[in-house]
Amino acid sequence: MDLPLHVLIISSLIKILFAVALLLIGVMAMILAERKVSGWIQDRHGPNRVGPWGLLQPLADGIKFLMKEDLIPTHVDRAIYVIAPAIILVPALVTCAVVPFGSSITIAGHEIPLQISDINIGILYILAITSLGVYGVVLGAWASNNKYSFLGGLRSTAQMISYELPLGLSIIGVLMLSGSLSLRQIAIQQGQGPQPWNWNIFIHFPAFLIFTTSAFAETNRLPFDLAEAEQELIGGYHTEYSSMKFAMYFMAEYMHMIVGSAVAVTLFLGGWHFFGLEKVGGPFWSGLISFGIFFLKTALFLFGFIWVRWTLPRFRYDQLMNLGWKLLLPVALTTIVVTATVWAFTQSTVLVGVLNVVAAFIVGGVLATALVMRREPEPVDDRGVLSFMEESSSYKEEKHGN
Amino acid sequence: MLIDYLPILLLLVFAVGFACINLALTHLIGPKNPTRSKLSVYESGVQPIGNTRQRFSIRFDLIAMLFIIFDIEVVFLYPWAIVFKKFTATSGSFILIEMLVFIGILFLGYLYAWKKGGLSWD
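Protein chains in written order, with this note's numbering: chain A, 853 to 1254; chain B, -14 to 107.
Hints in this document: simulated from the structure, not taken from any laboratory.
Errors might be hidden in some of the hints.
In the SDA-like style, the derived pairs of lysine to any residue whose C-alpha atoms are separated by at most 25 Å in a straight line are [said to hold, decoys possible]:
no.	chain 1	residue 1	chain 2	residue 2
1	B	K23	A	N997
2	B	K70	A	N997
3	B	K100	B	L51
4	A	K1178	A	S1200
5	A	K999	B	V26
Kindly generate the complete structure, drawing on both the sequences and the hints.
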């Protein structure tokens, strides 16, 4: 950063306002898009009453959330119950700080990068801050003092920490060949050389698949939405929440999705690069065009989120854990070893790309076969649980009325 | 270098403010008429049996412990990954062998956890 301090502060404030507004509008757009695309996929209309084509529906939802009764049930742990939605919303908002949403704009002789801050530990920052979101889930679930919330919170926590490992491992291959943790550097390197073959998706294709799968699990989206499986857990960890507090959980989830897609685009899909289109125009217009490219790529990725939701059924919990721990983790380790070995001996990204796919296919195929062919577990003997319930005093009281 | 974190601090202030304003607004604007059933535990209208604060499956604890162990190992891989390209250009494949040993040990631990049933959920 060689900008003067006042320019830095003013430009940062403008960028922060812009990014936060974009995130909030993005959340609204995603809620509408989710319902519209769901309608489209299921051959129905979706929301079409508020505003033309239902465009004002998210706004109406937001106002309604604000106007609803802010209920704090008597059985909750008040302080944590109130703070938990803030604990999940703040990290979701703050993660967007290091995502480069375009190249740079030159205004009044100052070259301003289109990124709130280009810190040199960008990816570590994202991993660290997104993991803080787990606290919002687990504290909210615990403070709600409701069995459904608690179970949902437990499931969601275990799921999020399990998939953080493949997520973290899948990025390492990218880091090895780019030699930087800065998201801007990684994006710039993908723009050098022939496009799109220099994009990381072609060099680290298995890693991209692992990253995407883990991102779905981290955001608790279908097919990994066991934490809020409506049929069994009512709403999951936010069962006891109402009004804006509920909406904050909702917003955080969508923000995680948007930021996750933006990170995936930056790491694997070439960031703001698109066949040289990002260099068209002067130092001002090229910045705007690069932002447009980045925006469209992220929007496409987000569409994938909705599409997958209506394509795949929900996992069972043991399948979820097996997928994370017994399939994605070893395959991610394999890609690291293969990338490192091939690069050390040949220094060829083409070979790295091809052999990564081959190795991941072999290891993944073997493991997946082993997991699928495994003998089905015996039916669970639940007599112990039943006798436990018989013995539990409250159950006895209910039953015998004494 | 440290100046790079100034915008993040600004964003953090902004985010905390946004969250607090949301909490305050919904508290102030929303109507207040709590009833007894509204304030009770929501279990789809069924009378709750027993307390929430009960034992839960030990599996969740086990997953958390395994996560900490493996996540620390992943964190150790990050600095290595950053210098990998530079080192292979200058000092050959020594850094590769180093990493293979490290991942080998990690993998042995992983196999042990798998063998002991630490990764299964049934």
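Against the structure, the hints come out as follows:
1. B:K23 - A:N997: holds (15 Å)
2. B:K70 - A:N997: violated (51 Å)
3. B:K100 - B:L51: Answer holds: K100 (chain B) to L51 (chain B) is near 14 Å, not above 25 Å.
4. A:K1178 - A:S1200: violated (30 Å)
5. A:K999 - B:V26: holds (9 Å)
Hints 2 and 4, counting from the list given before, are not met by this structure.
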